[in-house]
Structures are given as C-alpha cells and as structure tokens.
Amino acid sequence: MIAALQVEFDKLVRRPALWWSAAAAAAMAIVFGYVIPYLVGPAEVGTGSRAGRPGADGEAGYSVPLEMLLPGQLVENAISGFPLFYLALALVLGALTSGSEYTWRTVRNLALWGPGRVTMLAAKAVVLIASVVVVAVTAFVAGAASSLVIALIEGESVSPPPAGEVLRGLAAAWLILAVGAALGLAGGVLARSSGAVIGAGLVYLFVVELLLRTFVSSSSVIEATAKTLPGTNAGSLAGSFTETAQGAPGVNDLVGTWQAVAALVAWTAAAVVIATAVFDRRDIHA
Amino acid sequence: MVGSTRSAYPSRPSGKRPLTPACMTAARAGYDRRMTNEAAATDGAAIRTSELTRRFGDQTVVDSIDLEVPAGGIFGLLGPNGSGKSTTLRMLTGLIEPTSGDVEVLGSRPGTMPQRVGAVIEEPAVYPYLSGRRNLELLAKLVGAPSEAVDEHLETIGLASAADRPAGSYSTGMRQRLGIAAALVHDPELLLLDEPSAGLDPSGMVEIRELLERLADGTRTIVVSSHLLTEIDQICDRVAIIHRGQLVFQGELDELHQRDEEELRARVHPAETATDVLDDLGVDVHAAGDGELVVGAAVDRTPEIVRALVAADVDVFEIGERRRTLEEAYMEVTTS
Chain Y
765 MIAALQVEFD
775 KLVRRPALWW
785 SAAAAAAMAI
795 VFGYVIPYLV
805 GPAEVGTGSR
815 AGRPGADGEA
825 GYSVPLEMLL
835 PGQLVENAIS
845 GFPLFYLALA
855 LVLGALTSGS
865 EYTWRTVRNL
875 ALWGPGRVTM
885 LAAKAVVLIA
895 SVVVVAVTAF
905 VAGAASSLVI
915 ALIEGESVSP
925 PPAGEVLRGL
935 AAAWLILAVG
945 AALGLAGGVL
955 ARSSGAVIGA
965 GLVYLFVVEL
975 LLRTFVSSSS
985 VIEATAKTLP
995 GTNAGSLAGS
1005 FTETAQGAPG
1015 VNDLVGTWQA
1025 VAALVAWTAA
1035 AVVIATAVFD
1045 RRDIHA
Chain B
5 MVGSTRSAYP
15 SRPSGKRPLT
25 PACMTAARAG
35 YDRRMTNEAA
45 ATDGAAIRTS
55 ELTRRFGDQT
65 VVDSIDLEVP
75 AGGIFGLLGP
85 NGSGKSTTLR
95 MLTGLIEPTS
105 GDVEVLGSRP
115 GTMPQRVGAV
125 IEEPAVYPYL
135 SGRRNLELLA
145 KLVGAPSEAV
155 DEHLETIGLA
165 SAADRPAGSY
175 STGMRQRLGI
185 AAALVHDPEL
195 LLLDEPSAGL
205 DPSGMVEIRE
215 LLERLADGTR
225 TIVVSSHLLT
235 EIDQICDRVA
245 IIHRGQLVFQ
255 GELDELHQRD
265 EEELRARVHP
275 AETATDVLDD
285 LGVDVHAAGD
295 GELVVGAAVD
305 RTPEIVRALV
315 AADVDVFEIG
325 ERRRTLEEAY
335 MEVTTS
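Listed in order, the protein sequences are those of chains Y and B.
Heads up: the first sequence runs through residues 765 to 1050, numbered per the working numbering.
Heads up: the second sequence runs through residues 5 to 340, numbered per the working numbering.
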C-alpha cells in the first residue's frame, strides 16, 4: 500500500491538472470573490474610494457589502464559491485522474504491476482526496491576499478572522472538494474515460441540482430528494458559515451543518467504494 | 491439426549472448527470486490453459484453448489480426477474466504475481507528461524493483539519451522500447509481449529480436505474440497458432517446417537434362522456378541423385532437404 500511495502521489503532483486546478481556484477566488464585487458592488460599509459608485443607493447590481471583501470575512467570502464552482473543479480533477488512466491505457500498468486492483484504486482515491486540500488552501490564500489589498485601499481593518474559523472553513472547503473529487474519480472508472464524466458532471451540478432546488418549496418529495444530493449538502455546509453570502450560487440553508457533513462524507465514501469495487471486478480492455 | 504436447520440454539451448554486465547487476535480485520460485511452476510449464474460452456477447473470441508453454525459451503465438491472440494474453495477465476454462501462470492464478510476470499488451501504455525514466521508476517502485534497474534497462533498450524527455514526445518505436523496458524492470521470469515489433523500423525490429534472444537466458520464458511469420520463425523454439479463436497447432517450430512427404530441393543446370536423369531414377520431379527443381525423394537418396546428375554432366549448385516455409505451413494449418 505504501508503494502504491507513493506512486499515486508522485503521479498526481507531477500532473499539470492539479496545479491548473489550484491556479483556476486562485483566479476564481480573486476575480469572482473580490475584483468583480469590489468594482461593481455598492459601498454599504466604509467611506473609502467606493463611496458614491453605481449601486450605492440600492440600484440593481452585484450586491456584496464591503465588509464581505475585508480580511475579517475571509472564510465567509471564500467558502461561498466552493459548493458550485470549486466542487465542479474538483469533479473535473477527479475525472481526469481516473479517466485518463483509461485514455492513456496506463490502467493496464496499475493492474499488471500493482499490488492489487483494490489497493491501487484505494491509493489513488486517498492521494486525490488528500491533494485537493491544495486547491482549498490556494483559494483561501488568494482570497486573503485580495482582501488585504482591498482593506489597504479602503483604509479598513486588516484584522484576519480567528484561526479556528479559518481552519473550520478550510476543513469544510476540503470536504466539499473531496466529494467532488471522489465523484469524478468514480465517474472516470465507470465511464472508462474523463470527457464524458466531465460533461455529465458539469451539467448535473450546474443545471440538474440547481433546477431541482428551485422546486424545493413546491414539493416535499423534491425537497427530500434535494436534501440528499451532494451539491445541496455542499451548499448547506458553506451556508453554515455565512448569512451574507446566502444568495451566492449553490449556497443554501436546506440542511443542518452536521447532516451536511455526514452526507458529504457518505457520498465521498460511497463513490470511492463503488469505484474500487468496479475497478476490481471489471475486465480491463484498455 | 494439433501438434503433440510433451510433459517435459527442452530449454532454449545455452550459448546465447549474455545480458550486459549492467543488466546482470540489476537482474541479480530478480534472478535469485526466479531460481527460488522456479519450483512453483507446474511440471516445467510456465503457462497452462484448459478449455480457455472467452466470449463477448454472442461472439466467441477464444474457443476452448488448451495451451501449454514450457518454462524457458521463446514461445511464439501466431495468428492473424483478430484471431484471439491479444484476448488470450489478456486472460494470461489477468486483465480480463475467462468466460470458462482454467488458466495457470507459473502455477498460480493470472494477475496474482506481478513480481514474476512482465507484459506489454498491444501498444505500450505510458504517462505522457512523465519522462521515460520517471515512467519506469514508478513501475519499479510498484513491483519493488531496485531503482538502479531503471537506468540499466534504459541503457539496454537504447533509450538512455531520451530518458528525461516526456514520454508523450516519444516516437512509436521509442514507446515500444519503453514498454519492453517497463516489462523488464523487475526482471520477471515470464515475459508476455504482444506484437513487440509493432511500429518499429527494420533496424528496430532486429534490435528487439536480438534483445529477446539475449533475454531468453535459459530460465526466463518469453511469449511473443505476432502476426509476422518471419519474426516468429527467427526467434521462437515452439509456436502455437490461433485461428478464429481456436488453437490449430502447437508444437516445435521444426514440426511446422517438416513436410508430410519428404522432398529435396536442387539448384542445377541445365534443368532439362537433370529432369531426364531424375526421371530415369524413378523419382518425381518438377520445376519450382528460379532454376530450382523439387525432387520427390528422401534425404538419404541425396548421394545417389548427385552421382547420377554429375555423371550426366549436370552442374549441381545446391541440393538439400526441402522444408516448408513457415508461411506455407501457416497457410496449410489455418486453411485445413
């Protein structure tokens, strides 16, 4: 198992996809978390250079109060992007990690040289799920840097949030990414490719789950169903950190915090178990 | 037509070129392991299958194959594209499960001994973003092979100068070499190679052939699947021919070359006079083209025939037993 973990770690850290994912997370955190809201949002707090900009008097616009863009609200701001955008990013990374083994036919090598199919896939899942913490940390660091710059421009407080809150936020972010990565990994194994899984996964996250949640109030069956889904639970976990960002895409308060945590852990475990079982039993034609 | 199978097979004759000193150093650990594990192979057979069958839906791709590959030497698996060779190799490596039948590889279930079996199935699989060296290092780590083996195998297969380039930039031939190096990295006692010369230029094919001959060092068993008859003819001791999923021949290569009826081949001048002389001797004779005659006589009549031809003032350039070419034998076996 140790050798399998080392090999999977070596492969993943040398793979550009991981670092592109981290870079994309940083870019999204900066652009969508801070730059756009800062440029177009109303100045509800503070008296700095944003005072008097469009939207200040309740006009239509991307309504994010300035306090959300300051270091003190780092966790609240950063976590709001995870239930949808970063979850999708992790799903893509997971699908690439397993699916490309089929595309490149290297899945044969894992089966021929590895210490066993179950061990190999379990090692891949462990390394993948552990490595997405890089994406979470990158997004938080990029957010922290952006908020610091805005605070300095606006002359606002640069006090960071409590360390415990940051750690809880990172843990939640990592759990959201873990479920995305595990679902992508399982999809890659089931489909024996990455392209189809990425396409289907993005449609599911950005269309199916979001649409389903719009009908929650009209049907108890839909509500019960929605509450079990990974995107909803990721949104609820993110929502537990913020009230201000409840309107952010994917963020919701449908499920309690611990129920969301349990559901995300269950989804992650189920995805890994299914992927491993299928990989172990199915013929390898690649 | 299925050749007779024997319980004990001769190993490939010794006297092959030895592995390079560097390769020998790397191979030492694996060699010791091979010697220890040799007893595990059943009855001197590295591979044994019984009624091995694989179906995909309604299509039977491999049909009740009873294959026996003796330990040691190079064994050829011949057959046209789509005959079931690769599917058979996939079952032997544990990549796919048989629909029915039994398989024993080195006395165990396929896929349970990665340290003892190396394989290249169809085209080699590499991580394109990793260098050739890193690809091998990862596989070496997986099977617990010494890391020094990597550089030595890269040297052996002639990839040392390109070892640090991304494998994705390799040509087909370089990938093929890398695949073979990967299969060798843990110095396995059984090597399964599916079309090892695919994509190689003629000089590359010669190099691979020489490499395989060096690797068949008496204790190692190499199974080479190919549709290239000359390749098999040049390197294999024994062959099996698979045609439409069925095993239509297995046995010594010599058996294939031998004809049911003994014949001589003679290159003489003038051919017309020689034909008259041989008619007088009461043997069948016909022209085979290029000034050659095919003489329906056993080898032990050669002196008599030569004397008669020389006495009739016929120039005899060459005379000897006429063996079937592998191509002739193959066509005969697969169309009968």
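Just to be clear, a hint being listed does not mean it is correct.
Covered by chain B, per the in silico footprint, the following chain Y stretches (three or more residues, Cβ under 8 angstroms) [stated by the list, open to error]: (1) 768-780; (2) 875-887; (3) 960-968; (4) 1025-1036.
Don't read these hints as lab results, they were simulated from the structure.
As the structure is a computational prediction, the values presented were derived from the model and not from experiment.
Glycine included, C-beta positions come from ideal geometry on N, C-alpha and C.
Going down the list of hints, with the structure as the test:
1. 768-780: holds (count 8)
2. 875-887: holds (count 5)
3. 960-968: Since 0 is below three, the answer is violated.
4. 1025-1036: violated (count 0)
Hint compliance for this structure: hints 3 and 4 are not met, and every other hint is.
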